[in-house]
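There are 2 protein chains.
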Amino acid sequence: MPVMTKNEKSLPAGRQAIVLLSGGLDSATALYFAKRKGYKCFCLIFDYGQRHKREIESARRIARRAGSQAQVIKISLPRSGCALLDRKIKFPTGLKCQVSSVRKIPNTYVPARNIIFLSFAVSFAEAIKAQAIFIGAHSQDYSGYPDCRRQFYRAFSKVISTGTKAGVEKKRIKVQIPLIDKKKSEIIRLGKRLGVPFELTWSCYRGSKVPCGRCDSCLFRAKGFKQAGLSDPLLTKLTKN
Amino acid sequence: MPVMTKNEKSLPAGRQAIVLLSGGLDSATALYFAKRKGYKCFCLIFDYGQRHKREIESARRIARRAGSQAQVIKISLPRSGCALLDRKIKFPTGLKCQVSSVRKIPNTYVPARNIIFLSFAVSFAEAIKAQAIFIGAHSQDYSGYPDCRRQFYRAFSKVISTGTKAGVEKKRIKVQIPLIDKKKSEIIRLGKRLGVPFELTWSCYRGSKVPCGRCDSCLFRAKGFKQAGLSDPLLTKLTKN
Numbered sequence: 153m154p155v156m157t158k159n160e161k162s163l164p165a166g167r168q169a170i171v172l173l174s175g176g177l178d179s180a181t182a183l184y185f186a187k188r189k190g191y192k193c194f195c196l197i198f199d200y201g202q203r204h205k206r207e208i209e210s211a212r213r214i215a216r217r218a219g220s221q222a223q224v225i226k227i228s229l230p231r232s233g234c235a236l237l238d239r240k241i242k243f244p245t246g247l248k249c250q251v252s253s254v255r256k257i258p259n260t261y262v263p264a265r266n267i268i269f270l271s272f273a274v275s276f277a278e279a280i281k282a283q284a285i286f287i288g289a290h291s292q293d294y295s296g297y298p299d300c301r302r303q304f305y306r307a308f309s310k311v312i313s314t315g316t317k318a319g320v321e322k323k324r325i326k327v328q329i330p331l332i333d334k335k336k337s338e339i340i341r342l343g344k345r346l347g348v349p350f351e352l353t354w355s356c357y358r359g360s361k362v363p364c365g366r367c368d369s370c371l372f373r374a375k376g377f378k379q380a381g382l383s384d385p386l387l388t389k390l391t392k393n
Numbered sequence: 153m154p155v156m157t158k159n160e161k162s163l164p165a166g167r168q169a170i171v172l173l174s175g176g177l178d179s180a181t182a183l184y185f186a187k188r189k190g191y192k193c194f195c196l197i198f199d200y201g202q203r204h205k206r207e208i209e210s211a212r213r214i215a216r217r218a219g220s221q222a223q224v225i226k227i228s229l230p231r232s233g234c235a236l237l238d239r240k241i242k243f244p245t246g247l248k249c250q251v252s253s254v255r256k257i258p259n260t261y262v263p264a265r266n267i268i269f270l271s272f273a274v275s276f277a278e279a280i281k282a283q284a285i286f287i288g289a290h291s292q293d294y295s296g297y298p299d300c301r302r303q304f305y306r307a308f309s310k311v312i313s314t315g316t317k318a319g320v321e322k323k324r325i326k327v328q329i330p331l332i333d334k335k336k337s338e339i340i341r342l343g344k345r346l347g348v349p350f351e352l353t354w355s356c357y358r359g360s361k362v363p364c365g366r367c368d369s370c371l372f373r374a375k376g377f378k379q380a381g382l383s384d385p386l387l388t389k390l391t392k393n
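Here the protein sequences come in this chain order: A and B. Just add 152 to the spot in the first sequence (first one is 1) and you have our numbering. Just add 152 to the spot in the second sequence (first one is 1) and you have our numbering.
Quick caveat, the hints were computed from the structure, so don't treat them as lab data. Take these hints with a grain of salt, some might be off.
It does not matter which identical chain is meant; a pair holds if it fits inside one copy or across any two.
[Said to hold, decoys possible] Computed cross-link-like contacts, DSSO-like style, restricted to lysine-lysine with a CA-CA straight-line distance of at most 30 angstroms:
1) LYS310 to LYS335
2) LYS187 to LYS323
3) LYS392 to LYS192
4) LYS205 to LYS226
5) LYS256 to LYS310
6) LYS256 to LYS335
7) LYS323 to LYS310
8) LYS192 to LYS226
9) LYS344 to LYS317
10) LYS281 to LYS310
11) LYS389 to LYS344
12) LYS317 to LYS240
Whole structure, please, built from the sequences with the hints as guidance.
Written out as structure tokens, the structure is:
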């Protein structure tokens with residue numbers, strides 16, 4: 153049983169939760185965190201036209217390993233200007249977005265992505281009477297992503313309380329952002345304690361057989377494992393094969 | 153050119169707008185209102201598993217008549233407990249939800265429907281750099297629907313300003329709810345002035361060839377036309393055929 157920090161202990165226990173699962177290590181940690189808090193988890197995985205389906209397969213496997221139900225939701229989004237959706241646009245590299253002086257919204261920003269994901273999560277939460285929605289957004293993701301900021305989640309919570317039947321009937325659906333203030337290395341340490349199967353997670357923006365090691369997402373992951381003093385089980389597994 | 157009320161005049165003019173189009177007369181009026189305000193409109197029509205597709209076809213025709221582009225977005229929603237999605241559940245009748253003493257959320261409530269629709273609208277608005285999103289929600293619809301209340305739209309506006317690139321860059325995307333305080337009869341009078349092709353609109357919860365005349369949606373429509381002192385062009389057309 154891992155040691156929980158004060159912040160983690162203060163989260164309310166409940167019965168059912170919707171977990172937004174992307175296939176990456178953050179949302180996998182959010183899932184295992186929710187399970188550890190006693191929630192029966194229902195995972196939503198989005199097929200939103202991303203350039204590769206590798207992460208969707210990863211998300212399915214993670215849910216299966218966690219013993220949680222999962223549903224893939226297919227949606228169409230406009231493609232304009234986003235590197236995750238449009239093959240003509242190059243991925244960002246070099247971790248430039250980490251440097252606060254040049255912090256701006258990277259071209260991997262998908263317009264309103266988390267707003268849409270959370271909206272579906274609310275719909276499913278109302279349908280199955282879940283008390284919570286878990287999302288693995290965090291401050292390091294706030295490499296400029298507006299929909300990874302605490303103030304956005306505060307605003308979205310108000311949407312739930314004013315715009316849903318559950319809200320009107322005072323049956324609270326809480327948006328849980330347990331990783332919001334954590335660095336990648338802290339998330340990895342937490343995930344390790346929670347038993348997250350990191351070897352099943354996928355972070356690379358590209359969908360090849362092995363991570364490219366060059367895109368920002370690969371670089372963040374590598375740096376996180378290094379700072380956590382751990383080796384990346386995905387790379388270990390791939391090296392063995 | 154119709155006479156605009158003071159409230160209508162105060163809305164800002166702009167270039168492009170996303171319009172949420174359902175096929176009913178409210179959203180059709182919202183579309184024609186947006187056009188009259190000078191917006192080039194892009195309509196989003198949702199195929200969300202509703203029991204009949206009649207309204208989707210109506211929405212397509214309305215957009216075509218208005219000379220606006222339209223896109224049908226197919227999504228899957230959980231079906232639990234909603235009469236619009238589940239054939240086993242009976243539609244409400246008798247306009248009970250109009251009586252304030254028994255005002256409660258009817259079983260036609262679709263969990264988080266307007267939240268999801270608006271989320272997609274935000275994504276498209278960011279993609280095409282639209283300045284506004286129009287939705288035909290109104291107070292009479294607030295026969296208990298939490299997502300038709302002014303406070304919900306206020307909360308959602310905060311989500312846009314905090315959770316999107318447009319919001320961070322102070323490029324405002326305004327949620328326009330021009331019908332919010334209007335009664336059905338007032339919407340019909342406004343629509344008449346704006347030239348809304350009411351004969352193309354569809355309100356009936358059922359998808360037969362002619363409106364059932366018994367469901368709450370048919371009753372609200374009939375009452376609205378009666379109070380507006382107008383005949384319903386849809387019924388006139390059907391009677392002729």
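The hints, checked one at a time:
1. For the homomeric pair LYS310 and LYS335, the shortest alpha-carbon distances inside one copy (27 angstroms) and between copies (27 angstroms) are both at most 30 angstroms.
2. In this assembly of identical chains, LYS187 and LYS323 lie within 30 angstroms of each other by CA distance solely inside one copy; the values are 21 angstroms within and 40 angstroms between copies.
3. Within a single copy, LYS392 and LYS192 get their C-alpha atoms no closer than 34 angstroms, and across copies no closer than 57 angstroms, so neither meets the 30 angstroms cut-off.
4. When the C-alpha separation of LYS205 and LYS226 is checked against a cutoff of 30 angstroms, the pair qualifies both within a copy, at 12 angstroms, and between copies, at 20 angstroms.
5. Taking the shortest alpha-carbon separations for LYS256 and LYS310, both the intra-copy value of 27 angstroms and the inter-copy value of 21 angstroms come in at or below 30 angstroms.
6. Taking CA atoms no more than 30 angstroms apart as the test, LYS256 paired with LYS335 passes inside one copy only; the shortest distance there is 18 angstroms, against 45 angstroms between copies.
7. Within a single copy, LYS323 and LYS310 get their C-alpha atoms as close as 13 angstroms, and across copies as close as 22 angstroms, so both meet the 30 angstroms cut-off.
8. Proximity of LYS192 and LYS226 under a CA criterion of 30 angstroms is satisfied in both settings, with 23 angstroms inside one chain copy and 29 angstroms between copies.
9. Taking the shortest Cα distances, LYS344 and LYS317 never come within 30 angstroms of each other, neither inside one copy (38 angstroms) nor across copies (33 angstroms).
10. Taking the shortest Cα distances, LYS281 and LYS310 sit within 30 angstroms of each other both inside one copy (18 angstroms) and across copies (26 angstroms).
11. In the homo-oligomer, the alpha carbons of LYS389 and LYS344 lie at most 30 angstroms apart inside one protomer (16 angstroms), although the nearest pairing across protomers, at 68 angstroms, exceeds that limit.
12. With identical chains, the CA atoms of LYS317 and LYS240 are at most 30 angstroms apart between copies only, with a shortest distance of 21 angstroms across copies and 43 angstroms within one.
Hint violations for this structure: numbers 3, 9, all remaining hints satisfied.
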